[in-house]
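**Q** Order-wise, the sequence lines are chains W and Z. For the first sequence, the working numbering begins at 2 and goes up steadily by one. For the second sequence, the working numbering begins at 365 and goes up steadily by one.
Honestly, I wouldn't trust all of these hints.
Calculated lysine to aspartate or glutamate pairs in the EDC-like style (CA-CA distance at most 16 Å, straight line) [to be verified]:
hint, chain 1, residue 1, chain 2, residue 2
1, Z, K810, W, E359
2, Z, K622, W, E368
3, Z, K778, W, E359
4, Z, K604, Z, D509
5, W, K35, Z, D1020
6, W, K168, Z, D509
7, W, K116, Z, E1152
8, Z, K962, Z, E891
9, W, K383, Z, D1020
10, Z, K1116, W, E357
11, Z, K463, Z, E694
12, Z, K440, Z, D456
13, Z, K810, W, E357
14, W, K116, Z, E1019
15, W, K116, Z, D456
16, W, K168, Z, E510
17, Z, K961, Z, E1019
Simulated from the structure, these hints should not be mistaken for lab results.
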Amino acid sequence: MESTLKFLIAYLILSGFLKSSATMLFYFSNWSAKAGERFIQYLVNLGGTFELFIVLTATVASVTKIFPRQISFGDLLNIDFAIIFNTDPTSLTYILVSFIVIALVGRFSCFYLHKDSHYYKFFALFYIFQSAMVLLILSDSFVSYFVGWELLGISSVLLISFYSERKGPVHNSLRVFTLYKISDILLFGGFAVAFSQSHFQLFSQFPQAGIEPFSVYMLLTSLAIMIKMGGFPVIWLPRAMEGPTPSTAVFYGALATHIPLLLFINLWSGAVVLNWVRYGLMGLLLLIILMATVLVRISTDAKNMLANATVKHIAIISIEALLGLFTLAYVHLIIHCFYRLFQFIRTPSLIYEYHEAEGLNGGSFSETGTHYNRFLPLSFRKSLYRLALNEFYLMPKLSRIIDVLMGLTNRISRKKIIQISFFNGGLLFILALLQLYDIEQLHPTLFLLIPPWIFALIALLYNFRDWRNISVVLLSVTSLSSIIFYVDEFISLLALTLMQLTLFSLLVAIFNFKAPSFLLTHSFTKKQKVLLFIFSLWLVGVPGPGTYYLFEKSIHLSIEKDLYLAIGAFIILSINTLSVVKNYSLDEVHFRRNNV
Amino acid sequence: MSSDVAEALRNVRKLLPTQGPLEFFVHHNTFHELEALSFKDALYKGELAYEGATLKSITEYQKCLTTGQISEGTLKQKINDFLKESGTFDSDQLEFAYKIFLEPPDSNFIEFALCGELQPLKSYTRSKTKFFARAMENQYRINIDEIISPLLFRFFSSYFDQGVSYWKMPQREVGLLESFKYYYGQSSFLSNKWERELSRLIKKTAQAGPLSIISFCLEALKLDHECYESYLFELCFRYKGWGGLILSFEKHPEWNKKPDIVADFESFTAVLLLAECAYLKSLSPKKQFELDKLVPLQVQIPLFSDAFLASANISICQKENREKYKPVVEILTDFNRSFIWHQAYEENFYQEFLSLFQKNLETTARKPECPPQLQVLCCLDDREESFRRYIEEQGEGVETFGVAGHFGLDIRYKGIFSGHFRSLCPDIVKPTKYITEELLNGESIKRLYGLWADFLWLQTLGSKTLVRGLFFQFLTGVTAIFSLSLSIISPYSASQVRKYFKQKMDNNLRTRLVYEGSRDIDIGLHEMVMYGSNVLKTVGLERFAPVVVILGHGSHSLNNPHESAYNCGACGGGRGAPNARLMSEILNRKDVRQNLKKLGYYIPDNTVFVGGYHNTCSDEVLMFDTPEREDVKVAVSMIRKAAQRDALERCRKYEDVPLTIDSKQAYQHCLGRSNDYMQPRPEYNHATNALCIVGPRWMSRDLFLDRRAFLTSYEPSQDNDKADTLRAILSAVGPVCSGINLEYYFSYMDNKVYGCGSKLPHNVTSLVGVMNGYQSDLLLGLSSQMVEIHDPYRLMLLVVCEKHKVEALLEEMESLKILVKNNWIHLSVFDPKNQNLYRYIKSGLCKQDFTDHPTFEYPSQLASFFGRREACRLGIVRK
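Looking at chain Z on its own, in the form it has when it is part of the complex:
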C-alpha cells in the first residue's frame, strides 16, 4: 500500500518542474524531465501533461510564410519528409497535402466539419485522466482551487518565508506537515464547512506521518491504485510553484538560508491532499456520490480542430477520387502540422546561418597573421557577441575569446559588501574554494556603509512596525518625493547623482582578493597553474598580446525581481566579476607563469592580465587592479568605446528609443535604463538566442550574428587525438546553452503555463519568488517582457572539429548524446581538415553543402542593423 504511494510520489517528483529561489535563478530546460524522449514525442506528451501549447499556432506560422521567415521550398521539403516517413504517397496526394497546408483553417464554415468524408476524424481524440477538480468544474461549475488555494498559499508563503515578515512562523522547525496540522487543526465559529472538515481530518490523523496521511486520504477518496500517480501529479501540478521550490530546496539545501525551514516534498503532498480531501468530504452526500461515480474522468482532446476539418473537407470535395486523399488528412493532425511548420521555420534559419558560415570561410575568413595587440576573454554568452564584434572592429590585432564566464574557477565568494558566500560556478558543480575580498584601507568608510546599512534596515523594518514606522515617515516622507521625482523624470541623472556619491565614498577604498594563506581558503600553486592552463588550453591561447583583458559579466537593474536571471549563467546566476579578477591575478603571478612555461605556455614578461566586469544592461565596463601602463589605458578605452557601440546595437530593439540616436546617446540611455524604476525591460537578456559556435573565433569574426550566438573559442589544431578539450567544452556548453535556449523556447510558446506572465502585477513573496497580485501560486519561468521578441528556434550547435572525433565524443558523452539524438539541439560539424560541413540527421552526421545558397552582405556593422526594429538577416560584414 504505502510502497505504491512511495513509488507514485517518486514518479511525480520526476515530472514536476523545479525552480529555486529567484536569487539563484538558473536557466534550465523546462521539459528537463522528458529529455529521454525525442523532442517531438516530448512536446506531444508534455502538451497533454502540462496542458500548455508547445508550438506556435498554425496561423502564426502561416504569417511567417508571408514575411519570408519560412520559404515555400523548405516547407514542401518538410511535408515530403514527413509523408515519406509515415507511408507511401503519390504525387497527387503530396500536392493535396501542400494545398491544405497553405490554406488557412476556415472557421466560418465550421458546419462542414460535421459532415462529409472527414466526419469520422472528428472522433479522433487523445484522452487524459482527470480527477476531482475537473469533475467539480464540469458538474457544478465550482473551481476547487478557488476555495482551497487561499489558505494553502498563505500557509506556504508564511512557512517558507526567508525574512520578509517581522514575526516568523513560530516553531516551524517541526516541519511543514506538523505546522500545518497545528495551524489548521482548530477551527473557529467563523470557519466554513470545509475548514471544519479539515480540522476534523487533521485530528483524525494527528499521529500519522506524511506517507500514511497520503495513503489514508487516497483510501478515503476511493481511488484505484493505478490512478495514484496521475492523481498525485495532477494535484501537485496545480500547485507547481511551491512544489517546484520545495523540490529545488531538497536538491540544493544551501539555497535555503533559514535552517528552521524543513523542505520536504512528501509533507507538501500530504498537506495538499489533506486540503483537497477535506473539501471533498465536506460536500453534501449527494454530490459526493455523484463525484465518486464520475472520477476518474476521461477527458477527450480532439486531434483535429474543427476549422481545419472544415477547410480540408471543402478541399477534398473538389477532388474526384475522395477516398484517396483521406489518409493524407488522417495523419496530418493539428500537432503534426504545427510540428512540420515549425521544422520548416527552423530549417530556414539554420540554412541561412550555415550557408553564411561556409561562404565566409570560402571568401574572407583568414587566420590572423599579425601579432596580437589586445586580447579580450569574455563569457561565451550571446549578449557578448555584439560587444566582441565591436572590440574586434577596432584593429586587426585585437582578438576576443569566448569561454564559460566562471573561467573554470569553481569558487564561493564573499565580497566586502555581500552578506553571504555565494557560489560563482555552474549549478552542477559543488565549489570547495572560499574566496573573500579584503579591505586594504578605508575602514572608516566601511563603518559608514555599515551605518547606512543599519539605516536601510531600520527603514525596511519601519514599514512593519508602529513606532519606527511613524518615525521614518516624518524623517523620510518628504525627501522620498524628491528622490522619486528625480528618478522618474530622469533616471539617467538620478543614476549619475547616485554614482557621484558612491564614487565619493568609494574613491579611497582599496581591496584585494584573499585566496591563499589561511587553511580554509587556500588555492595551492598547482591548482592555480591548473586553473590557468585550463583556460588557456580551452580557448587555444598561444600568442599573447601585451594586454590581455579578462571580462566577467553581470547585469544590474532596478525593480526587477528576476535580476539574477540576467546575470552570468556559468556563475550560477551571479556576477562574474570576482572570477575574472581572480583569474587575471593568478595569471599575473610569476610562479604561476613559470610553471605554465613547463606546460608550454610562454607568457611574455611584459604581458599583463587585467580583470574586468561588463554590465550587460548598462554597458558599463569596470576594471580591477589596473596597472599604470599606457597600453592598458588604451585597451580600456577601446573596450569602453566598443561598449558604447554595443549599446547602440541593443537600443534598436527597444521600441521606446528612437532609431536615429548615436552611440553616445544610446550609452546614456542604457545607463539610465539600468537604473530605472519604471523599466520592465532593462535588457532583453538571452532573447533571440539560437546558435552556438564552438570553434576558432576567426572563422566567425566577420559574421553579423545579431546577438543570437553563444561563441565558444576552441582551437581544434591544438587539441589531442581524443579531443579532451572539446569534451570539457561540450560537457559544459551543451547542457547550459540548451538549457537557456529551451527555457526561452517554452516560456515563449506558452507564457501563461511555462512562463510567469506579465511582470507588471508581480508581487515578491517570501524573498523566494513572485506571485501575481494579491495571492497566487509562485510563478515559474520567464516573464512575457523577457521573451516577447524571442524567435523560438532550437539551438544549432556548430562544432569546428574533425568529424571522427565528434562522432567518438557523441558515443562517449551520455548527456550530449541524449540532447543531440533526441533533437533537443541540432548538431552540425565543420571539419577543418577537408572543409566539409556535416549535420546530424536521424542517427549520424551527414555531409551537406550550402555554398550555393544566397547569403547576405553588409558594408559595415552599423549598416547591418541601423534603422531596423525587427530581427535582422544574418550576414557577412565587408570592411
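Same shape as in the complex, but just chain W:
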C-alpha cells in the first residue's frame, strides 16, 4: 500500500511541473496558436479529470484507513533532509478541494483566455502553482514546504504582472513580491531558529519542544503566513487584482490566500506557547479585521471589495484557530474558499446582477448603512471615511517605501547606488565589529556577508539589462556559496572575494565603456529572455542550487556557527531573486517606452 501511495503522491507533485514544462515547450516550439490551445485543452480537461480521480481515490482510501498517515521520500532523493508528507484525511481533503478548484478554474481559463497573447504564460504558471499547492498541503518537512511556499510566491507574482506591457501591474507585482520575500525571510528565520535550537525538521515534531524557542518560531511563522494571506503588515491584497479574472479568482479569492492558513491552523492545534504570542497575534488580527471591514464598506469596485472581504474573513478564520476552534476553522476555510471563488469569477457581472436584483424587487433598494447614521455623528463618519479613503495612510506609505527601495518611481543615479551599497556594506561592517567585540572570538561571521550584500544591492537598484544583471547576480551567488563552502578557510575566502571584486570592476568597465557593437546591438528575443529569466531564477531562487546549498549547508552551519549568518545569507538570496524578477518584468515596460 505504501508504495502505491508514494507513487500517487509523487505523481500529484510532479504532474504540475510536467504540465507546466509541456506548456513551456509549446511556447518555445513553433506550433500554431490553435494547435497549442487544443493541446492545453486536453491537458486541462483530461489531466484535470484524471488527477481528480486519483485524489478522490486517495482521499477515500485515507478515510478508510487503508493508507499510512505519513510517508517519507527522504531516502529516495539522497539528501540529508527528511522529506515527509502527511497523508491523513484532513490533508487529503484539502488536496481534493484544491484540485476541484484548480480543475474548474483551469477549464474556465481555457475559454476565457482563448486567443490571449499570454495564453501559455498563464498555464505554465498555473500548473507550477498546482505543484506548490500539493507541497504546501502535504508537507510535514520544512524543506518541501519551503519549496512549495516559494513556488506559490513566484507563480502568483508573475501572474499579477500578467499584462506585463502595462506599468501598473508590473509595479504592483513587484510591491507584492517584496512583501512575499519578507514573508519568506520570516518563515526561513522561524525554521532556522527552530532548527538551531532543537534540530527539528518536521512540523509534527514541535509539540514536544520547549516553550521559549518555540514561541519565537511560532511568532515568525505566523507572521509569515499573515503576510501571505494578504493582511499584514497592511492590507495589500487589493493590489494583487491586476491579472485576468480567473487568476485573481484562483489565487487571491481561493487557494493562494487560504492554503497557507492550513499550516497556521495545524501549528496552533498542537501548540503550547507563551500567551503573549497568542494574544499579540489575536490583537493584530482584530485590528486587521477592523480595518478590512471599513475598507470593504467603502470599496467602490468589484474586485477591491472582494479582496478586502477575503482578508477580513481569513483573519476571522485565523482567530478561530487561535481560540482553539480547530474543526470550525478547517470547515470554514473550505467553505470560504469556494464562496469567494464563485464570487470572484462573477465579478464582471456586477452591473447585471445589481440590476437583476433591483428589477426583481421592482424598484431600488433602500440605502445601505444608514443605521450607522443614528449613533455615529457626521463629523466622525467623515473622518473615518477620510482615513479609509487614504487606506489609513498605511499601504500608500508602504508602497512608496517599496518603490524607493526597488527604484520604481524614481530612477536612482549610478553614483547614489554605489553610495547606498557601500553605506550598507559599512553598516554591516560595523555590526560585524560589534559582534566580534561581543562574542570575543575571531570568526569571520558577518564580515563574510559584506561583499555579497554590496553586489546584491547594486544588482537590485541598478536597472541593468540582460547579461549585466545576471552577471551581478552570479557574482553575488558565487560569493554567497563561497561563504558556505570556504567558511573554515578565512584566507581563501578573502582571496575569492578579492577575485570577485576585480571581476566585478572588469564587468562594469566592459559594459560602461564602448563595447564592440555586436555586443551592444545584440538584444535578446522574447523567448530568449524567458529562458534567461528561468535560468537566473533557478540559480538564486527555490528550488535551485542557491537555496539547496542554503538548506544543505547553512542550516547545518547555523547550528555550529551562527544563526544570523544563515538568515543573512538567505536575505541576500532573496534580494537577488527580487532583482532577477524586477529586471525581467520591468524590461518589457521600459522597452516599450523606449520604442514609443
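Put chain Z on the given structure of chain W with help from the hints.
**A** Structure of chain Z alone, referenced to chain W:
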C-alpha cells in the same frame, strides 16, 4: 483672466471624448468633435491630439495586398489620384512612387536614412506643445500620473459611486470640488510631501470656486495665456475616462441615478489642477526652476519613419536623375502613404459590393409578385442581415423589412421586473411617453420573486458586511461550488436548468402593456395612428400577409460589463422587446386600423401582428401575446428555424467552435455561449459592419452580405416629391450607423487609446464603467475582444432613390451633409428610374458603372460561408 480660462475650458470640453455609464452604452463616433473637418484632416489632427494611431501600419496593408484584399490596380489608381492632386508629375515619377509603395520599409539599413539625398527629410516634423508631465518624464524619468493618479482615481470612483459601496461618501451633495477639499484638506504624518503640499494649497484656496482655483493654479504654474487651452486639454485628456463620464452626466442628467452626485466639469478640472499643481510645487526649488525653463515643451514628431527613408534612399540611389524623384518622396509622408493604402483597401471592398449590387439587379432581382405569406419587421441592425436571409429563404412569399429597432416609438418603459423607467428610443430623442407592464395574474409569483430579490440583495450585501457575510458563507458556500461546476462544465445544461426553473415560475404569469387610460401615460388614438402609419410608410408596406411579425432585438450574456453595447442601438442600448410588443398591439387595434384606412393603409381583418424579441447572442426568439392560430404557429416555427441557421452562420467566426457542426448544434452552442461565465466573446456584435443599404429589400434579397450591412427598407416609388420619408430615414440612419461604424473603426485602429483593451482584467467600478485591474482610469470605447475580427472600412451608404431627390436632401440636411461631404461615410445612390449608379466624389454625385467587374456567385447560402473562418467574399446566392 477668468474669461480666458472659461473660454479655454469650453474648447477643452468640445475636444474631450465622452461616454456615459456602461448601462447606457451608445455607439458614437470617437472623433465626433472633429466631424467638421474632412476625414483625412481629422485623422491627421486627431493623431496628434489623442496620440493614437488612426490607420493600420503600412506592413499590415502590404499584407492585404498579398491576400487580395487590395488589388494593385486600385492602389495605383489611388497613388495616381493623390499625386495628381498635389502637383504635376510625369510617368517616371509615378512609376517610382509605385515602386516605393510596394517595397517594404527596410529597418536593417537604417543608417541609410541618415545620409544621401533624402537626409533633409529627416528634419520634417510636426510639433506638439507638451507640458509638465512630459517635461518630468524627459528630464527626470518621473511619471507624474503614477504619483498623483492613485489618489485621484480613488476619490473619483468613491464620489461617483452609484451603489457599490456599503457606505457612500458622506455629504457628497456639496459638490465634487468641495468634497475633494474636505477629504484632502488635511494631511497625516504618514503623508508624503506632495500630499502635504496639496492640503496646504487647498487651505489657501478654501473659499474659492472652481474657476478661480483654475486661474489661481494656472497663474502659480506661470503659464502663458495662449497655452491655457492646450495645457488644460492635455491635463483632462490624461484623465479622459472620468472626464468623459462627467461630460456625459452633464449632457444626460437622467443617467445619473443618485441625486446627491453633482457632475460638474469645471470642478473636475479644478481637482486635477490642484493635484498637479501641488505635486509640482512640492518639488525641490532646483527642479522647479528647471521645469519652468522647459515648459512649454515642443515635442517634434517626425513625418517620415527612418525605415522608410532608408529604403527610399536606396531606391533613389539606383536612379540617374535623383533630384527629379525627391519631390515625390517629399509628399509621401508616413501619414499620406498610410492613407492612400487605406483608400485602396476600402475602394476594393466598395467596388466588390457595388458591382455585386448592379449585377444582381441586372440578372436576378425582381420585385415580388406573389401574395405575401409572412412578413417580418426587424431592426435594421447588421446582425439581423443573416437572420433575415434565412427567414426569406423559406418561401417566395416571405418578406422581411428593416426599420430602426424602436419602431418609431419614443417611450420610456418599466417592466414588471425592472427597477426603473428606461428610455427605449435613440439617444437624441427625449421620450415623453411612459409605458408600464402590468401583471394580470400571478401576484404570488411576483411576491416570490420579490423574496428571491431580497435574498440576492442580502447576498450582495453579505460580501460587504461582517455578520451577514459569515451567515451567507455557511448558507451558500458549498452550494456555490455545485452551481459553479455545472456552469463551467456545461454552460448549456446550466442554462437549461435555469430556464426550467424560470419557466416553472413564469408559466402562469400573464402581463399586458399599459399605454392608455391614466393621464400620465396616455397615448391617444391619433398618436397611435401616427406611430403606426409612420412605420408602415417608412418600410413601404402596402400589401399585408396574414401574419406580420414585429421583432425587436437585444442580447443577453454573462460576465459582460459591456452588455448594453450589444443591445439595440436605436433603443439607446436597451432591449427592443417592449417596442415591438407595443407596436404590434397598436396595429392590431380595430380603431387604429380604421383610421389607417383613411390614410390609405388597408389592413385586412385576418391579418394579425405579433410582437417578438430576437436575442442576437443566443438566437432565441420569444413571442408576445400570440393568438391561437395555425398560421401564426407556422410563422413562429419558420422564424425559429431561421434563427438556428443564423446561429450556424455566426458560429463559423468563433475559433473555439469546430467548422463541421450542423445548425442544431450551433444553436445549442450559441445558447450556451450566451449563458457562459467564461466567454469574453458572447457574440461579435457589430464587428465587420461596413455597408448600409436604404432601399427596397428585393433589390438586395439574393445577396450574401456576410453580416456586414445595415438594411433599411425604403420604397422610393411610394415617397413624395420632397422625399420626406427618405429624409426621416436618413436623419436617423446616417448618424446612428456611422456612429457605430466609426466607433468600431477607431477602437480597431488603436485599441489601447480609443478602445478599452483586453476584457480579461476589467474590473467594474462604481456601476458606471470598467477599469483595468486594481486601479486605473475608466476605460472608454470597445474592448479588443469585440473588434478583433473587424475590417476597418468606413460605411458605404447606398440609397435607392432618384438622384435629384438625394441631392436636394443633401443640401437640406446639415448633419448628413457634414458626414458625406467630409468623407466620414461614402455615399452612393442608385437611381431606380434610369438604373444608374452614382457615387459621391469630392463635391457631387458622379455616375459610375461596375457592371463589367467580376462578381462572386454561390450555389446556396450554406456554400457561401461553410468551412471558412475568415471574412467571405460577398456574392450572389443562386437558388
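**Q** Each hint: holds or not?
**A** Do the hints match the structure? See the list:
1. A C-alpha spacing of about 13 Å is found between K810 (chain Z) and E359 (chain W), which places the hinted pair at or below 16 Å, so the restraint holds.
2. At most 16 Å may separate the alpha-carbon atoms for a hinted pair to count; K622 (chain Z) and E368 (chain W) meet this at roughly 11 Å.
3. Taking the CA atoms of K778 (chain Z) and E359 (chain W), the gap is near 12 Å; set against the 16 Å cutoff, the hint holds.
4. For the hint linking K604 (chain Z) to D509 (chain Z), the alpha-carbon distance of about 13 Å falls within 16 Å, and the restraint holds.
5. Our distance criterion of 16 Å between C-alpha atoms is met by K35 (chain W) and D1020 (chain Z), whose separation comes to about 9 Å.
6. Between K168 (chain W) and D509 (chain Z) the alpha-carbon distance is near 11 Å, which keeps this suggested pair within the 16 Å criterion.
7. The suggested pairing of K116 (chain W) with E1152 (chain Z) holds, with an alpha-carbon distance near 10 Å, which does not exceed 16 Å.
8. Between K962 (chain Z) and E891 (chain Z), the direct Cα distance comes to roughly 15 Å. Compliance with the 16 Å bound is thereby established for this hinted pair.
9. With a CA separation close to 51 Å, the supplied pair K383 (chain W) and D1020 (chain Z) exceeds the 16 Å bound.
10. Of the supplied pair hints, the one linking K1116 (chain Z) and E357 (chain W) is violated, its CA atoms being roughly 31 Å apart against a limit of 16 Å.
11. Note on K463 (chain Z) and E694 (chain Z): the hinted pairing holds, with a Cα-Cα distance of about 15 Å set against a maximum of 16 Å.
12. A threshold of 16 Å between alpha carbons decides the hint, and for K440 (chain Z) with D456 (chain Z) the separation of about 13 Å falls inside it, so the pair holds.
13. Between K810 (chain Z) and E357 (chain W), the direct Cα distance comes to roughly 14 Å. Compliance with the 16 Å bound is thereby established for this hinted pair.
14. Straight-line distance between C-alpha atoms of K116 (chain W) and E1019 (chain Z) comes to about 9 Å, which keeps the hinted pair within the 16 Å bound.
15. The hinted pair formed by K116 (chain W) and D456 (chain Z) fails the criterion: a straight-line CA distance of about 46 Å is larger than 16 Å.
16. With a C-alpha separation of about 9 Å, the suggested pair K168 (chain W) and E510 (chain Z) falls inside the 16 Å cut-off, and the hint holds.
17. Proposed proximity of K961 (chain Z) and E1019 (chain Z) is contradicted: the alpha carbons are some 52 Å apart, above 16 Å.
Violated hints, in rising order: 9, 10, 15 and 17; the structure is consistent with all others.
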